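Q: Protein chains in written order, with my numbering: chain B, 1 to 360; chain U, 1001 to 1309.
Derived from the structure by calculation, the hints contain no laboratory data. Predicted, not measured: the structure shown is a model, and the values here were computed from it. Heads up, a few of these hints could be off.
Taking lysine-lysine and the DSSO-like style, the derived pairs with C-alpha atoms no more than 30 Å apart in a straight line are [said to hold, decoys possible]:
| hint | chain 1 | residue 1 | chain 2 | residue 2 |
| --- | --- | --- | --- | --- |
| 1 | B | Lys-6 | U | Lys-1186 |
| 2 | B | Lys-231 | B | Lys-6 |
| 3 | U | Lys-1163 | U | Lys-1186 |
| 4 | B | Lys-12 | B | Lys-231 |
| 5 | U | Lys-1163 | U | Lys-1239 |
| 6 | U | Lys-1118 | B | Lys-39 |
Per the computed footprint, the stretches of chain U lying under chain B, defined by three or more beta-carbons under 8 Å from a beta-carbon of chain B, are [what the hints assert, rightly or not]:
| hint | stretch |
| --- | --- |
| 7 | 1089-1096 |
| 8 | 1229-1239 |
| 9 | 1269-1279 |
Just so you know, even glycine gets a beta-carbon here, dropped at the ideal spot from N, CA and C.
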Amino acid sequence: MIRLEKRPTPSKFWQIATPIVAVVLTMIAGGIMFAILGKNPVEAIRTIFWDPLFNPDFAAYSRPQLLVKAGPLILIAVGLSLGFRAGIWNIGAEGQYIMGAIFGAGAGLAFYPLEAWYIFPLMVIAGAFGGWLWAMIPALLKTHFNTNEILVSLLMVYIAQNILASMSLGLLRNPEGSGFPGSRNLSQYPAASNPELIAGTGMHWGVVAAFVAVIAAYILLQRHILGFQIKLAGQAPRAARFHGVSPTALVLLCMGISGALAGLAGLFEVSGPAGQISIDFNVGYGFTAIIVAFLGRLNPVGILLAGLLMALTYIGGELAQFMLGLPSAAIQAFQGMLLFFLLAVDLLTNYRFRLFTGVK
Amino acid sequence: MDFGSINPFVLVASLMVASVPIILAAIGELVVEKAGVLNLGVEGMMIMGAICGFVTAVETSNPYLGFVGGAAGGAALSLIFAFLTQSLLANQVATGLALTLFGLGLSSLIGQSYVGIKPPLTPEVPFGPLADIPGLGVVLFQHDWVVYFSILLIAAVAWVLKKARLGLILRAVGENHEAAHALGYKVQRIRLLAILFGGAMAGMGGAYISLVRVPQWTDGITAGAGWIALAIVVFASWKPWRVLVGAYLFGGITVLQLNLQAAGSSIPVEYLSMSPYLITIVVLVIMSSGKGRALNAPAALGQNFHASR
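Sequences are here, hints too, so could you generate the full structure?
A: This is the structure in structure tokens:
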């Protein structure tokens, strides 16, 4: 009889191997799904994972897109991972992303058409503030009223979406847009735009911010007492309290950081790749970032790699949609599957299978 | 603003209909949480139920089979959750989120060729002359069978949890799984059954949205109803009848804001549409602000059980 046995310490090998095994299993299961949809599975997987990077026909367009898509995912996921490590579940990053974009774009558009060097930095601050503010609502409700932060942060997404609709139809609507919903296009307003920094790479300020966040989070978790306290609070809440970690401060801090980073991601997106506030501005980065955080094992460097991989599935998904007629929803299901397999094989990190024979 | 154009009896009748999906999903989740399992995938199971129910109803032209299909779809998805959390001991919060993300993707994949189709009509239960009673008839006797089923289900769950042996076992597993295990109960098997029940009810609730409430298929049709159901369970302090109160409160706000939208209220549509979510948060705050265990949450909620011996 096969039984599960808890490992005395988590396996170092499986900690690194599980994401890789999960990706391979997802490719197999995804291939089966694509086959059911009547597509050639090998061709579909190749179109998603290989062609965007190495096919000469598409790589010129797709490679820069990799950083464009990975930037917000990494930025959000790094923030989320700090909270997840401490057992604080902010799953409303999508809403914080929207609010960051609204605040940031609003700050920029308030100066229109003034050209000044300080406008973009102000927008960055406003964007981070918007996301932070939106995350503070579930955080303060948790610390003061003991409200579940999972539910509140998620419900705040729906509220943010309605505010987004209201903004693009009302306050922030382009006065010269002949009545169409959506704000002015920030890419046509140089002082407020977030252009590609090096032509042909997709690198914009949001990608720079994502790299900075990865490095900062790495130092925080490895070298700083705060990082130790975050990890401790997640693994042994009682011990953390004896150590003098204030749960209230930790909630406010983790939610605040993740909110501000999600807000930044929104600001860089609206001023760069998206260009304007519109009703369908948000495309689910805030939710996909949850998968990225887990796929990266809540580790900043892991998140960097996971973010790039997840960005690849977005770009490859678009390509497969265009080339093979694969529905875009298939990619969403594919990403969800990845999280399933990851959580499933994660068992091997903490447990091992033992063969029991006879009477024990 | 014109409140005069809103008929109070019709309002009550429509809030009863509006709250059915929430009631079904919330009572299912209540049973799951009573067994000590936190399944955050309600939204995913609901939307899978919505599409599976819709497809079944359209393909068989039978609205009743649609609800069976919806329940089956929700239960099938919850089976993944059960396997991951009960057999593979995965984190319940993360697995629940995965369920929602996956459900949203898969449902939209299945639903592609069903956009714009009308499902077969779910008829009212014929009460004969009772339905013609002025006022009362509209409120009580002009509904489809699911409305009555949802209320009976609450009564049944309340009775089982309080009076039946099954309910006692379920609560024992949810309050202290070590003790329940020591008594010889199969903790994981009981939890599996609870999760399947929760999935089936969430799926049925989802099917009610796509077959009766809307009724058609669009992506993301559940629009957060699953999350609101989760909030209602907290609001209800894990007591079945309070689920009804919470769901009617939510249904009332939903219907009222829709009526205000139709009546051309001066409040912008977006602010009316966000009101159900806002009210849910306010209610959560009020209910949660008690101290510690006053909340009445099952003691083993969200903890996985692994029999080491």
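Q: Each of the hints needs a verdict: does it hold here or not?
A: Evaluation of the provided hints:
{"no.": "1", "hint": "Lys-6(B) to Lys-1186(U)", "verdict": "20 Å, holds"}
{"no.": "2", "hint": "Lys-231(B) to Lys-6(B)", "verdict": "21 Å, holds"}
{"no.": "3", "hint": "Lys-1163(U) to Lys-1186(U)", "verdict": "21 Å, holds"}
{"no.": "4", "hint": "Lys-12(B) to Lys-231(B)", "verdict": "17 Å, holds"}
{"no.": "5", "hint": "Lys-1163(U) to Lys-1239(U)", "verdict": "14 Å, holds"}
{"no.": "6", "hint": "Lys-1118(U) to Lys-39(B)", "verdict": "29 Å, holds"}
{"no.": "7", "hint": "1089-1096", "verdict": "holds (count 6)"}
{"no.": "8", "hint": "1229-1239", "verdict": "holds (count 3)"}
{"no.": "9", "hint": "1269-1279", "verdict": "holds (count 6)"}
Every hint from the earlier list agrees with this structure, and none is contradicted.
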